[in-house]
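S.K.: Sequence lines, in order, name chains A and B.
Going by the numbering used here, the letters in the first sequence line up with residues 1 to 787, in that order.
Going by the numbering used here, the letters in the second sequence line up with residues 1 to 288, in that order.
Source of the hints: derived by calculation from the structure; they are not laboratory data.
Virtual Cβ for every residue (Gly too), placed ideally from N, Cα, C.
It cannot be assumed that every hint is accurate.
Claimed, not checked - Partial selection, computed: residues in chain B whose CB lies under 7 angstroms from chain A:
1. K2
2. R188
3. H190
4. L266
5. H269
6. V273
What the hints assert, rightly or not - The list that follows gives simulated cross-link-like pairs (lysine-lysine, DSSO-like), each with its CA atoms no further than 30 angstroms apart:
7. K236(B) <-> K248(A)
8. K782(A) <-> K236(B)
9. K451(A) <-> K286(B)
10. K251(B) <-> K786(A)
11. K2(B) <-> K786(A)
12. K782(A) <-> K769(A)
Now for the letters of each chain:
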Amino acid sequence: MTVFDAPNSYIGRSIPRPNLSRLTQGRGTFVDDIELARMLHAAFLRSPHAHARIVKIDTGKAARLPGVVRVLTGTDIAAVFKPYVGVLTHLQGMRSPPQHPMPADVARCQGEPVAMVVAESRAQAEDAVEAIEVEWEELPAALDMERALEPGEPVIHPDFGNNLCWERNIDTGGVDAAFAAAHAVVEETFHFGRHTGVTLEPRALIADYSKAEEALTVYYSGQSPHMLQGTLASRLQVQEHKVRVVCKDVGGSFGIKIHTYGDEMATCAAAKILGRPIKFIADRQESFVADIHARDHRVTARLAVDKDGHILALEMDDLTGIGPFSMFPRSSGVECNQILNLTGGPYRIPQYRARGRVVFQNKAMMCQYRAVGHPIAVAVGEGLVDLAAAKIGMDPAEFRRRNLLPDDGYPCKSAAGMRFEGLSHQAALAKLLKLMDYDKLRAEQAALRKKGIYRGIGLASMIEVTNPSPMFYGVGGARIAAQDGCTLRLDAAAGLHCLTGVTEQGQGLEAVMTQIAATAVGVTLACVRMHTGDTDKTPYGGGTWASRATGIGGEAVLQAGIELKRRVLEIAARLLKTKPEELDLVESKIVKRGTSEQLMPLYELTRIVYYRTNELPDDIQPELVVTRHYRVKDYAFVFTNGVQASYLEVDTDTGFVRLLKHWCVEDCGRAINPKLVDEQCRGGIVQGIGGALYEHCIYDERGQLVTTTMADYLVPMPVEMPEMEIGHVETPTQTSALGAKGAGEAGTGGAPAAILNAINDALAPLGAKVNAQPSTPEVVLKALGKI
Amino acid sequence: MKAPSFSYERAESVANAIELLARHGPDAQILAGGQSLMPMLNFRVARPAVLVDINPIADLAAIRVDKKGVFIGALARHADIEHSGEVAEQLPLVAAAMPQIAHPAIRNRGTFGGSCALGDPAAELPACCVALGAEFRIAGPKGERSVPAAKFFAGVYTTALEPGELLLGAQFPARQPGYVSRFLELTRRHGDYAMVGAAAHGRLDKGRLSDLKFVYFAVGDRPIMAMGLARAVEGKPLDAATIDAAVAALKDDLDPPGDLHASSVLKRHLAGVIARRMLNEYATHKGA
Ligand SMILES: Cc1cc2nc3c(=O)[nH]c(=O)nc-3n(C[C@H](O)[C@H](O)[C@H](O)COP(=O)(O)OP(=O)(O)OC[C@H]3O[C@@H](n4cnc5c(N)ncnc54)[C@H](O)[C@@H]3O)c2cc1C
Numbered sequence: 001m002t003v004f005d006a007p008n009s010y011i012g013r014s015i016p017r018p019n020l021s022r023l024t025q026g027r028g029t030f031v032d033d034i035e036l037a038r039m040l041h042a043a044f045l046r047s048p049h050a051h052a053r054i055v056k057i058d059t060g061k062a063a064r065l066p067g068v069v070r071v072l073t074g075t076d077i078a079a080v081f082k083p084y085v086g087v088l089t090h091l092q093g094m095r096s097p098p099q100h101p102m103p104a105d106v107a108r109c110q111g112e113p114v115a116m117v118v119a120e121s122r123a124q125a126e127d128a129v130e131a132i133e134v135e136w137e138e139l140p141a142a143l144d145m146e147r148a149l150e151p152g153e154p155v156i157h158p159d160f161g162n163n164l165c166w167e168r169n170i171d172t173g174g175v176d177a178a179f180a181a182a183h184a185v186v187e188e189t190f191h192f193g194r195h196t197g198v199t200l201e202p203r204a205l206i207a208d209y210s211k212a213e214e215a216l217t218v219y220y221s222g223q224s225p226h227m228l229q230g231t232l233a234s235r236l237q238v239q240e241h242k243v244r245v246v247c248k249d250v251g252g253s254f255g256i257k258i259h260t261y262g263d264e265m266a267t268c269a270a271a272k273i274l275g276r277p278i279k280f281i282a283d284r285q286e287s288f289v290a291d292i293h294a295r296d297h298r299v300t301a302r303l304a305v306d307k308d309g310h311i312l313a314l315e316m317d318d319l320t321g322i323g324p325f326s327m328f329p330r331s332s333g334v335e336c337n338q339i340l341n342l343t344g345g346p347y348r349i350p351q352y353r354a355r356g357r358v359v360f361q362n363k364a365m366m367c368q369y370r371a372v373g374h375p376i377a378v379a380v381g382e383g384l385v386d387l388a389a390a391k392i393g394m395d396p397a398e399f400r401r402r403n404l405l406p407d408d409g410y411p412c413k414s415a416a417g418m419r420f421e422g423l424s425h426q427a428a429l430a431k432l433l434k435l436m437d438y439d440k441l442r443a444e445q446a447a448l449r450k451k452g453i454y455r456g457i458g459l460a461s462m463i464e465v466t467n468p469s470p471m472f473y474g475v476g477g478a479r480i481a482a483q484d485g486c487t488l489r490l491d492a493a494a495g496l497h498c499l500t501g502v503t504e505q506g507q508g509l510e511a512v513m514t515q516i517a518a519t520a521v522g523v524t525l526a527c528v529r530m531h532t533g534d535t536d537k538t539p540y541g542g543g544t545w546a547s548r549a550t551g552i553g554g555e556a557v558l559q560a561g562i563e564l565k566r567r568v569l570e571i572a573a574r575l576l577k578t579k580p581e582e583l584d585l586v587e588s589k590i591v592k593r594g595t596s597e598q599l600m601p602l603y604e605l606t607r608i609v610y611y612r613t614n615e616l617p618d619d620i621q622p623e624l625v626v627t628r629h630y631r632v633k634d635y636a637f638v639f640t641n642g643v644q645a646s647y648l649e650v651d652t653d654t655g656f657v658r659l660l661k662h663w664c665v666e667d668c669g670r671a672i673n674p675k676l677v678d679e680q681c682r683g684g685i686v687q688g689i690g691g692a693l694y695e696h697c698i699y700d701e702r703g704q705l706v707t708t709t710m711a712d713y714l715v716p717m718p719v720e721m722p723e724m725e726i727g728h729v730e731t732p733t734q735t736s737a738l739g740a741k742g743a744g745e746a747g748t749g750g751a752p753a754a755i756l757n758a759i760n761d762a763l764a765p766l767g768a769k770v771n772a773q774p775s776t777p778e779v780v781l782k783a784l785g786k787i
Numbered sequence: 001m002k003a004p005s006f007s008y009e010r011a012e013s014v015a016n017a018i019e020l021l022a023r024h025g026p027d028a029q030i031l032a033g034g035q036s037l038m039p040m041l042n043f044r045v046a047r048p049a050v051l052v053d054i055n056p057i058a059d060l061a062a063i064r065v066d067k068k069g070v071f072i073g074a075l076a077r078h079a080d081i082e083h084s085g086e087v088a089e090q091l092p093l094v095a096a097a098m099p100q101i102a103h104p105a106i107r108n109r110g111t112f113g114g115s116c117a118l119g120d121p122a123a124e125l126p127a128c129c130v131a132l133g134a135e136f137r138i139a140g141p142k143g144e145r146s147v148p149a150a151k152f153f154a155g156v157y158t159t160a161l162e163p164g165e166l167l168l169g170a171q172f173p174a175r176q177p178g179y180v181s182r183f184l185e186l187t188r189r190h191g192d193y194a195m196v197g198a199a200a201h202g203r204l205d206k207g208r209l210s211d212l213k214f215v216y217f218a219v220g221d222r223p224i225m226a227m228g229l230a231r232a233v234e235g236k237p238l239d240a241a242t243i244d245a246a247v248a249a250l251k252d253d254l255d256p257p258g259d260l261h262a263s264s265v266l267k268r269h270l271a272g273v274i275a276r277r278m279l280n281e282y283a284t285h286k287g288a
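If we strip away everything but chain A, and leave its shape as in the complex, we get:
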């Protein structure tokens, strides 16, 4: 019997989050809730230009305003903060120049911070920002990624000779022959608009430097506290163990809060210079201009099939503009890299050729945002699959059935070289078609079409990168932990403290870890207390990203729990004069194994262990503290799979798309808390809806971002969300005892493809198709030739 089918297992149960009542009672502690004595506030002067030389900055007037403590420029910060270079060595050939928190010479995108005011209040700091006088010399800007590599285009980093950051090529060798022999070939160019993460709590930190201790404490709204600790220690030259990063409650992150932002780094540098705590909270407008953007890609791709609809070959070319630098330390090449790795990933594809190019441009920096690369890879792959199915006259569901990897064919390797351990594409598709009653929906669609109502059904199969090994970042030289750890500590009153390196962003991580800890040790949920997000306290870990927290952090909790239970039972056996195998620990009671007969409450054992060690035999050294770390070894990534479907209606007069229903079947391995998995899927789907239909960071021809408020940058709201039905297939991974893979990004990865395919399905009888996200009314009406 494993820990999972024990009678008191909490695994697989949708228990409520332990932090729920605290958060709903307004007792959360977000960064802005923290007030420190002598604390100051920072505000930034940001470049109003896409590309401009800073001829002169005059801070004199600003410095004399009420409440102003110091005005700092790039030069001041550079004196204490070493520059950083955002390249990963395993993305061969990638280049990006050293970057400073604030440039002293040239601003390379609108919104880049160039001066900082530290004042007694944020309002005073903002007043002073207005009084800083900068003499600018505007430079020609490279804005359009399509033109970034053309001769004559301004070169952002002259030493590089051109604006290329990185190029990657994959070629299995037989692509041309496969296309030449194909029965049918389809080709399309897809455009993906820039968008961003829009966290409810914006980026925020308080930096507090103690000159006496030469120690820096940072209260931080972020995903990866140890990563920030490493960055700050090395850049600010503070001993790493004296940098403490504390993440209390975090109001959403989505990959936004895992990068090295100039304003945040400058705040930490200023705290070191001034020796006083400084708070920086990005306001919504600065979030739009200065948070990372993502997804700005143009992909041209083609697919070859034989007469039975089997895929023969895929070829694609991806181009993306990432802003003026590659982001430290994860680099801005990963989205492109993922697109090359993942496109067509659910299918048997014998031949594959792909080129990806990442170029610099004078816009906000792009980097990893929830489901990195997946929405693009899935939209391209699934878009081509639908085109091919249509071209040979095959139902798109049947086309997928023929080409999806078979469920009994694992382990196997994709054309791009991705190794799959065990997936369930066929089972997931079958479940989805049943869930949505596919045939009935098709009949309804056909009947409505006769009445001039254009409804569309779109499918999207996908794979998702989760539980990454060091092959993601560590091998490229980044100080980002792929392993994670957990310490479990059983205290005198039998309370179980669980300290983990993975972090809570609002996704319910504390619930999941509590369930695993309580189950593995054998205690009640109520006696578990979670501790996350504190580099002084928790084991060293990577934090939350790439859908890794449950799969990797959870396994460390499980292993620590199994060992702690073993120790408890060993002591109990000596006290009860029996063998450990005769005993069990269930719901905080020592029982006779296989029964619910209590022999001793757990608190009795802990009381003896801590207060009356004299009752213990001398050869027992009671240590009710266990730390375990876990790393993924056998695979670079533990992939998950899933399939989504969208049902929608296109108003062919207005170009409006109304989402009627969305389905998602995903396989995240063992689902620890099915409700939280569902919520991850739903929330992810909503972000996917945003990308597909609404969200867009729009720049004007001078490189000014024009979508800087929530009235201009449209995120889906409740009225725009369709009903979502979620189903599961469970294929536990064999790479861990827990068997859990990630579930955090599948919704976002697959939803845009399903929606785009559904729009095209609706428009098909009118001979129109769309290939751009967001698919706004303007895009749809243009496709229809109505405007």
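Given the coordinates of chain A, assemble chain B with the ligand onto it according to the supplied hints.
M.R.: The following block gives chain B with the ligand in isolation, referenced to the frame of chain A:
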């Protein structure tokens, strides 16, 4: 995003408000529901030295019905108008527009007077006021005056209000028998300002429209009355040919500037779709 510092005055009566505005001159700005002004302060777009808060003036919040028609006070909240039985009965056009204005939380604070005084060309209420022939009542240092809605809206965020004046409300004429209203707007998301919208009010008799006021919003610098469209339908049977002619007349009625969410071409197209849909609704209207 913090407002520059300003001082604050509470106006206890209309006279007191006028006096405070006179005392502080052009540096003063009226605060009503704050749903537009507060963001403008925080964006540092508006930088008044003094805010004159008119919220304490209870009289200004009234919605009154009498023989002359309906008077909506400047401080009547959007939510009060939305839920008013009298408005639903007397001004069905306004009642139809209210749920389209922003979201409930904003409607709880936002005011009728604020929406009209702001003069946002994409706002619903100004178009309704023009379509219904409302008269704005204005108080100022020299006493009270009235301005018809058609003359009140003067451009983007510009109205007939002079510095130092306070909008008291609007008088809507009594509902006339035989008149039917229609309201339609297209928004990217529910609650957003419209990409294009229209408020219509006209006499419907045996399938024929006359005296039609068809007022677009979000297609120009103020509410735009589609005169050509109105002429094209005046007294004619609302058949396909009439509706086609009416939609075609929009070419000269409207010259919409593009914005972030809709280009000029798209706005023109959508204005046509709206006209067609609303006229079709009139054509199939039962009762009244
Ligand atoms: C997210 C959001 C969405 C919105 N969507 C819409 C929408 O779809 N449609 C829409 O129409 N509006 C919308 N609004 C605006 C909302 O309706 C505002 O409430 C309204 O525009 C202003 O009313 P207020 O009472 O809040 O005025 P305030 O913000 O207090 O004032 C606005 C301006 O009017 C002046 N003013 C106010 N009252 C008077 C008066 N009695 N006399 C003279 N001057 C006065 C003020 O000095 C100020 O310049 C939206 C607002 C938000 C925040």
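S.K.: Which numbered hints does this structure break?
M.R.: Hint check: 7, 8, 11 fail, others pass.
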